[in-house]
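Same order as they appear, the protein sequences are chains C, Y, P and E.
Residue numbers are given in my numbering: position 70 of the first sequence equals residue 70, and the series is strictly consecutive.
Residue numbers are given in my numbering: position 55 of the second sequence equals residue 55, and the series is strictly consecutive.
Residue numbers are given in my numbering: position 2 of the third sequence equals residue 2, and the series is strictly consecutive.
Residue numbers are given in my numbering: position 37 of the fourth sequence equals residue 37, and the series is strictly consecutive.
Take these hints with a grain of salt, some might be off.
Derived EDC-like pairs (lysine to aspartate or glutamate); straight-line CA-CA distance at most 16 Å [what the hints assert, rightly or not]:
1) C:K50 / C:D33
2) E:K26 / P:E98
3) Y:K71 / E:E145
4) P:K79 / P:D46
5) P:K111 / E:E47
6) E:K5 / E:E98
7) P:K30 / E:D46
8) E:K51 / E:E127
9) E:K7 / E:D57
10) E:K111 / P:E47
11) Y:K71 / E:E62
12) E:K30 / P:D46
13) E:K30 / P:E98
14) Y:K67 / Y:E17
15) Y:K50 / E:E127
16) C:K6 / C:E45
17) C:K71 / P:D139
18) E:K111 / P:D57
19) C:K71 / P:E62
20) E:K51 / E:E137
21) P:K30 / E:E47
22) E:K133 / E:D57
23) P:K51 / P:D139
24) C:K14 / P:E134
25) P:K111 / E:E137
26) C:K50 / P:D139
27) P:K26 / E:D46
28) Y:K52 / E:D46
29) P:K30 / E:E98
30) C:K14 / P:E115
31) C:K50 / P:E145
32) P:K111 / E:D138
33) P:K133 / C:E69
34) C:K52 / P:E145
35) E:K111 / P:E115
36) Y:K14 / E:E145
37) Y:K14 / E:D57
38) Y:K52 / E:E119
39) P:K133 / P:E63
Just so you know, the hints here were simulated from the structure itself, not pulled from any lab data.
No experiment lies behind these values; they were computed from the predicted model shown.
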Amino acid sequence: MEMNMKLEIISFGKISEFIGHQQVEISNVTDTDQLKSYLETSFPELVGMKYKLAVNQNMIQSNQSLKNEDKVAIMPPFSGG
Amino acid sequence: MEMNMKLEIISFGKISEFIGHQQVEISNVTDTDQLKSYLETSFPELVGMKYKLAVNQNMIQSNQSLKNEDKVAIMPPFSGG
Amino acid sequence: MSEKKIKNIFVNGAISPAFIADSIAKHATKTAIGGHSIFMGQIRRDEINGKFVAGIDYTAYEELALSQMDAIREEIFLKYPLNCMHVHHSLGMISAGEICLFVFTSSAHRKPAIEACNELVERIKAELPIWGKEIFEDDTHQWKENI
Amino acid sequence: MSEKKIKNIFVNGAISPAFIADSIAKHATKTAIGGHSIFMGQIRRDEINGKFVAGIDYTAYEELALSQMDAIREEIFLKYPLNCMHVHHSLGMISAGEICLFVFTSSAHRKPAIEACNELVERIKAELPIWGKEIFEDDTHQWKENI
Numbered sequence: 001m002e003m004n005m006k007l008e009i010i011s012f013g014k015i016s017e018f019i020g021h022q023q024v025e026i027s028n029v030t031d032t033d034q035l036k037s038y039l040e041t042s043f044p045e046l047v048g049m050k051y052k053l054a055v056n057q058n059m060i061q062s063n064q065s066l067k068n069e070d071k072v073a074i075m076p077p078f079s080g081g
Numbered sequence: 001m002e003m004n005m006k007l008e009i010i011s012f013g014k015i016s017e018f019i020g021h022q023q024v025e026i027s028n029v030t031d032t033d034q035l036k037s038y039l040e041t042s043f044p045e046l047v048g049m050k051y052k053l054a055v056n057q058n059m060i061q062s063n064q065s066l067k068n069e070d071k072v073a074i075m076p077p078f079s080g081g
Numbered sequence: 001m002s003e004k005k006i007k008n009i010f011v012n013g014a015i016s017p018a019f020i021a022d023s024i025a026k027h028a029t030k031t032a033i034g035g036h037s038i039f040m041g042q043i044r045r046d047e048i049n050g051k052f053v054a055g056i057d058y059t060a061y062e063e064l065a066l067s068q069m070d071a072i073r074e075e076i077f078l079k080y081p082l083n084c085m086h087v088h089h090s091l092g093m094i095s096a097g098e099i100c101l102f103v104f105t106s107s108a109h110r111k112p113a114i115e116a117c118n119e120l121v122e123r124i125k126a127e128l129p130i131w132g133k134e135i136f137e138d139d140t141h142q143w144k145e146n147i
Numbered sequence: 001m002s003e004k005k006i007k008n009i010f011v012n013g014a015i016s017p018a019f020i021a022d023s024i025a026k027h028a029t030k031t032a033i034g035g036h037s038i039f040m041g042q043i044r045r046d047e048i049n050g051k052f053v054a055g056i057d058y059t060a061y062e063e064l065a066l067s068q069m070d071a072i073r074e075e076i077f078l079k080y081p082l083n084c085m086h087v088h089h090s091l092g093m094i095s096a097g098e099i100c101l102f103v104f105t106s107s108a109h110r111k112p113a114i115e116a117c118n119e120l121v122e123r124i125k126a127e128l129p130i131w132g133k134e135i136f137e138d139d140t141h142q143w144k145e146n147i
């Protein structure tokens with residue numbers, strides 16, 4: 001059975017230079033680890049970069065399941081201050 | 001042989017409330033330890049108080065000889081800042 | 001549940017010395033305070049490969065940064081006996097020589113204010129989703145990384 | 001021998017927020033600076049045996065304090081890579097809520113400024129011959145002691 005999920009993707013810092021704000025509809029992605037693989041395939045610039053995800057404004061520390069309509073932020077290392 | 005020495009005494013903080021700025025002429029005092037004894041005899045309020053001396057604007061850490069016309073400051077614990 | 005208003009730490013543009021003075025002056029009525037500690041971040045005109053930094057353009061994931069800051073603020077208030085804590089961070093283009101971060105803590109005795117201020121600065125740099133794009137004088141850029 | 005001008009750290013009366021703002025603003029042209037650390041001492045309206053402190057009257061052995069401060073300044077500049085160091089201490093009557101000590105250090109990166117500022121505050125309190133007389137609202141007084 002194929003699962004389809006709609007996600008809103010936002011990005012920041014240098015990642016925003018190659019991943020724009022977008023809605024994606026993807027299949028066979030049910031958690032953040034799978035999403036990372038999907039992103040690194042779609043945006044090879046991500047491979048080897050340090051980045052973190054936030055889902056619905058919660059920082060993701062370890063793999064977490066995703067649900068339809070989640071808002072995922074892709075964030076390079078912080079450099080405030 | 002009796003030695004006479006003129007010293008200028010200044011004092012600060014709570015010590016200035018009972019020892020005023022003054023010239024003293026004293027005998028048989030040749031170093032700061034002897035001066036402390038002399039001061040504590042003349043000003044019994046000093047006994048048991050913590051205080052430091054400075055001679056000619058140098059803080060005294062250990063006993064030091066005195067000479068005629070030295071300027072001696074009597075200083076209670078600091079409380080700046 | 002308690003109704004909680006999340007404080008906005010972000011200001012558009014540089015933080016002016018007048019703003020800082022005003023913030024200090026407001027504490028004159030708080031006569032339980034004995035010590036204030038302030039940290040200010042200022043944009044350096046660094047030279048990198050022969051080019052000079054004209055300024056840093058700051059962006060943030062604002063909602064997430066504010067909720068992270070709110071959690072940090074609560075933890076710091078629990079850890080140190082503070083009377084006050086103020087944090088302001090710039091967004092947008094801040095020129096070399098201008099101030100982009102202002103952290104201000106106050107306590108009855110000096111140590112809690114000093115320690116809380118230092119800890120806040122470290123946590124702001126490490127934990128808030130804020131990004132600085134260094135703009136060179138020739139309009140090229142590179143992204144800053146806190147190390 | 002080098003000719004050396006000893007800096008005067010003493011100001012008559014309280015240190016105003018406007019003075020502090022002016023001091024901060026003067027650093028905008030120093031674009032090698034990345035971090036500023038400030039400590040300010042403020043007079044507390046302490047309650048002691050049912051009486052409130054109206055203010056503190058500061059006196060100092062000025063010549064000795066300035067030469068001690070000069071030695072401290074040199075040691076701190078040798079120990080930390082600082083761009084700037086400024087110290088101001090009030091003399092005379094400073095009312096509760098007013099600022100009596102302003103220590104301001106700046107460096108390229110934050111750590112030296114922060115550490116130097118902290119060390120300066122500790123040394124100023126421990127080593128400078130300055131005395132504070134706490135004046136109560138009923139005009140009685142007691143001498144402050146740093147502990």
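- [ ] Please flag the earlier hints that this structure goes against, numbers listed from lowest up.
- [x] 3, 4, 5, 6, 8, 9, 10, 14, 16, 17, 18, 25, 26, 27, 28, 30, 32, 33, 38, 39
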